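A.B. asks: Spelled out from the first residue to the last, the chains are:
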Amino acid sequence: MKFRDLSDLAFRNLREAVLRNSLTTLGVAVGVASLVAMLSLGVGLQQLASSRLAKSGLFDSIFVTPRTSLRRPGAGPPATRTPDAKARPLDADARAEISLLPNVIEVYPQIRFFTEVRYDGKPFATMVAGLPESSKASGAFDGMQGSFFSSPNADEAILQAELAKELNPQPSALIGKDLILRYAERQSLPAQPGDSAENSGGFSVIPKDKHLRIIGVVETEPASGFGGFPSGRLLIPLPLAETLRAAQVNDLRDILRDSSSDKPTYSSLTVRVQSPSLVEATEAKLKDLGFSAFSLLDASKSLRIFFSVFDLLLGIFGSLALAVATLGIINTLVMAILERRREIGVLKALGAADRDVKELFFVEAGVMGLFGGVLGTLLGWLIGRSLTLGTNLYLHRQNLPGVDISSVPWWLVLFGIGFAVLVSLAAGLYPASRAARLDPVQALRYE
Amino acid sequence: MTELSPAIRLRSVSRHYVMGESVIHAVNEVSLVVPTGEFLALLGSSGSGKSTLLNLIAGLDRPSSGSVIAEGQDLSKMSSLELARYRRQTVGMVFQSFNLLPRMTLEENVELPLRLAEVDRSERAARVREALERVGLERRIGHRPSELSGGEQQRTAIARALVNRPKILLADEPTGNLDSATGESILALLREIQKNPGMTIIMVTHERALAERFADRLAVMGDGKLLSNGAPR
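Quick note, the sequences are listed as chains A and B, same order.
Residues 27 to 473, numbered by this note's numbering, are exactly what the first sequence covers, in order.
Residues 1342 to 1574, numbered by this note's numbering, are exactly what the second sequence covers, in order.
None of these hints come from the bench; they were simulated from the model.
Do not take every clue at face value.
Below, a list of computed lysine to any residue pairs in the SDA-like style, where the Cα atoms sit at most 20 angstroms apart [said to hold, decoys possible]:
#  : chain 1 : residue 1 : chain 2 : residue 2
1  : A       : K191      : A       : L270
2  : A       : K236      : A       : F150
3  : A       : K28       : B       : S1487
4  : A       : K236      : A       : L270
5  : B       : K1418     : A       : V467
6  : A       : K28       : B       : K1418
7  : A       : K28       : B       : S1421
8  : A       : K28       : B       : M1445
9  : A       : K384      : B       : K1418
10 : A       : K384      : B       : S1463
11 : B       : K1418     : A       : F150
12 : A       : K28       : B       : A1458
13 : A       : K236      : A       : T152
14 : A       : K384      : B       : S1421
15 : A       : K28       : B       : E1448
16 : A       : K313      : B       : S1346
17 : A       : K162      : A       : F150
18 : A       : K234      : B       : E1553
19 : A       : K384      : B       : L1442
20 : A       : K236      : A       : D146
21 : A       : K28       : B       : D1461
22 : A       : K148      : A       : A180
23 : A       : K234      : A       : A180
24 : A       : K28       : B       : V1460
25 : A       : K28       : B       : E1449
Since this is a predicted model, take the numbers as computed values, not measurements.
Build out the structure end to end from the sequences listed, making use of the hints.
C.D. replies: The following block contains the structure:
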C-alpha cells in the first residue's frame, strides 16, 4: 500500500477510537514533556552558569604585573628576582602596547589604595578600588540597591554592603548622600641639581579631599579577591580613580627603581580578551613582552563535562514517564487488534499482505508518537517557563535579580519530537507484528 | 471443452486441523476441476468442509496436502506475499455477513482493494463508480453500510469484489443473511456478472433450490469429502 493510503487509513482508525487514542497520545505527551522539561532545565542552568562565568570576567582576563614584582608571602623565590634584561616597567606605554595585541578588548589598571572616608563627620578606614565601565555587565550589580555610575568620570561611589552598614545600619538610606574621600595625591618633583639620571625625579604626597555622591550599595566587588588584591569596599569609576593620582603601594618601589619618566606606572593591569579560549595564547604574548602574566584556567571545559553528566541524569529521570507512556501505546494497539480482528481479516481477504497490516499499525503508533511529541515538547517548554516564573517570583521576594533557568533550543524541540516518534514506533513493533500474523480465516470466523 | 485450461484445478486437496490429540479432516482428498467461465455451486450441510475448501481456493488458507492450481498458479507453492497478490488480482470474495467496514462509505469500501493494489488515485473514482453501477448502487455512493438494506450491502460487497477485475469470484453463502427474494436478486446479479467472458464463479451455499436455478453445476460435500461432482448442465 502507498504511504498516503496507509496514513489515510491510520488517521481514520485513530479517529475511530478517539478517546482512547487521545489518552494514549496524552500519555506520550506527558512523558515527552517531563523529558523536555528536565533537559530544558539542564540546558538553561548550563547557559546560566556559562554566561555568569563569562560575565564575571574571571575567565577571559589576564593579570599582568611587572617582572620584578615584590615577593608575596609564600609565593617562593620568583625566578625574576635577579635583574632581567627583558623586565620593563608597567607604564602607560606598556598599557598602550598591550591594548594593541590581537583579541585584546580592554586593558585597565588595578587602582587600589587604602585610605579614609568621612561620612557624617566620622572617619572610616577603607580600601578604595577603581571599577572599569565593563564591570557593569559582570552580573555583580544585577541586584544592587541604587544604580551603577552615571558616567565613567562621575564623582560617584558605590559602597560594599559591609562598609555601608558601618556608615548607616540602613544602607538604603545612604543612597544620594555625600561622603568625603581623603587620599594622598602623588605629585612629581622636579629633578634636583646633582641627581644622577637614575635617581632623578621623586614625588611628594599631598593630602586631598574628594566629595563623592553615594549612588549604590552592592554585596561584593566583582571578581574581588582575585589576583591577590584585597577587595575594595568603596568603589569609584576607574577613570576617576586614575585622575586622582592617589599614591599607591607600588609608588615607593617605582621611585627607587626606574622612574625617570613622569608617566604613571601601574602595579598591575587587567587584560580582557574576547573569549576564554584566547587567554592562553595572549598570556604567552604578554610574557614575551617582558611582563608577568597570570590567569585562571578555562573553567568552561570542566563545566561542560559536569553538565553533560547532569543532563544525562535529568534525561534518565525524564525518560521514566516516557517508558510508562510506551506501555500505554502497546496496550492501546493490542486492544485495537482485538477490536479490529475482523477488519484485519477483511483487509487480508481483499489482498492486504502481512506487511501492509504491519505498516498500518506502525503508522498509527508513529502518528500517536508525533502528536504526543509535539504536544509534549510544548508542554515541556511550558513547564520550564513555569519553573522559571516560580523561581523568579521567589528570587524577587528575596530581592535578587531574575534568572532564566530553563531553555528549549531548536535541537531540543527536534529531539523531543523525534524521540517520541522513535519510542512510539518501537512500542508499535510487537502489536504490529502480532496484527500481521493474524490468521484471516480465524479472524473472519470470529464474531 | 475447458479441461485443457481450467480456472481451478484441485488435486487430492486435504486440510487437517489438530485439536488437542484428535485430527479433524475438514477437507479430505478433494479433487475438482472448475473450467473457466463456469458458475459452480458448492453444496453441503454445515461442517461439511465447503467453506474450508473455498478458503483454500481463495488463498486465505493452505492445504495440508495436495495442490490448488488457480489460473495456472500453484497456490501451495506461493509465499505469503505472492498469495496476497493473488487475492488482490486474481480472486474476489463475497461473504455471508458482507464484511463491509462500517465507518467507511460505499465508495471508500469499494475503493479499499484499489488502495491495496496501489491503483493510481486518478483512476480510482471511475473504477469505483463503474463497479457500483454494475450492482445498481451508484446513487448510494456516499452512504454508509448501516444506511443500506441487507441486499444492498451484499451488492456493495460484490462491487468491492469486482473492482480489481478478478478472474474468479468466490462467494461464501452470499444469500445466507438475506430473505429469499433478495437472495434471488443477488444470484441473478452473480449470473449476470458471469456473462463477462472468462469470469468463473464458485459459490458455497446450502440452498439447493437456488443453486439449481442459477449455477451451471452443483458439487456436494459431506464430511470433508466431495460426494458428487455433478455434471455441467
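A.B. asks: Check the hint pairing K28(A) with M1445(B) against an upper bound of 20 angstroms on the C-alpha distance.
C.D. replies: 19 angstroms, holds
A.B. asks: Are the Cα atoms of K236(A) and F150(A) separated by 20 angstroms or less?
C.D. replies: Holds - the C-alpha atoms of F150(A) and K236(A) are around 15 angstroms apart, at most 20 angstroms.
A.B. asks: Within 20 angstroms, alpha carbon to alpha carbon, are K234(A) and A180(A)?
C.D. replies: 18 angstroms, holds
A.B. asks: Could you grab the alpha-carbon distance between K236(A) and T152(A) and see if it respects the 20 angstroms cut-off?
C.D. replies: Distance of about 15 angstroms is within 20 angstroms: holds.
A.B. asks: Regarding the pair K28(A) and A1458(B), is the alpha-carbon distance no greater than 20 angstroms?
C.D. replies: Roughly 9 angstroms separates the two Cα atoms, so the pair holds.
A.B. asks: When you check the alpha-carbon spacing of K1418(B) and V467(A), does it fall within 20 angstroms?
C.D. replies: 19 angstroms, holds
A.B. asks: For a C-alpha distance cap of 20 angstroms, please report whether K28(A) and V1460(B) respect it.
C.D. replies: 9 angstroms, holds
A.B. asks: Just to be careful, I want the Cα atoms of K236(A) and D146(A) compared with a cutoff of 20 angstroms; is the pair within it?
C.D. replies: 15 angstroms, holds
A.B. asks: Next pair to validate is K28(A) with D1461(B); report whether the Cα-Cα distance is within 20 angstroms.
C.D. replies: 10 angstroms, holds
A.B. asks: Quickly compare the C-alpha distance for K384(A) and K1418(B) to 20 angstroms and report which way the hint goes.
C.D. replies: Violated - the C-alpha atoms of K1418(B) and K384(A) are around 23 angstroms apart, more than 20 angstroms.
A.B. asks: Between K234(A) and E1553(B), does the CA-CA distance stay at or below 20 angstroms?
C.D. replies: Violated: K234(A) and E1553(B) sit about 131 angstroms apart, past 20 angstroms.
A.B. asks: Given the hint that K384(A) pairs with S1421(B), does the C-alpha gap stay at or below 20 angstroms?
C.D. replies: Given pair K384(A), S1421(B) holds - Cα atoms ~14 angstroms apart, limit 20 angstroms.
Hints 1, 3, 6, 9, 10, 11, 16, 17, 18 and 22, counting from the list given before, are not met by this structure.
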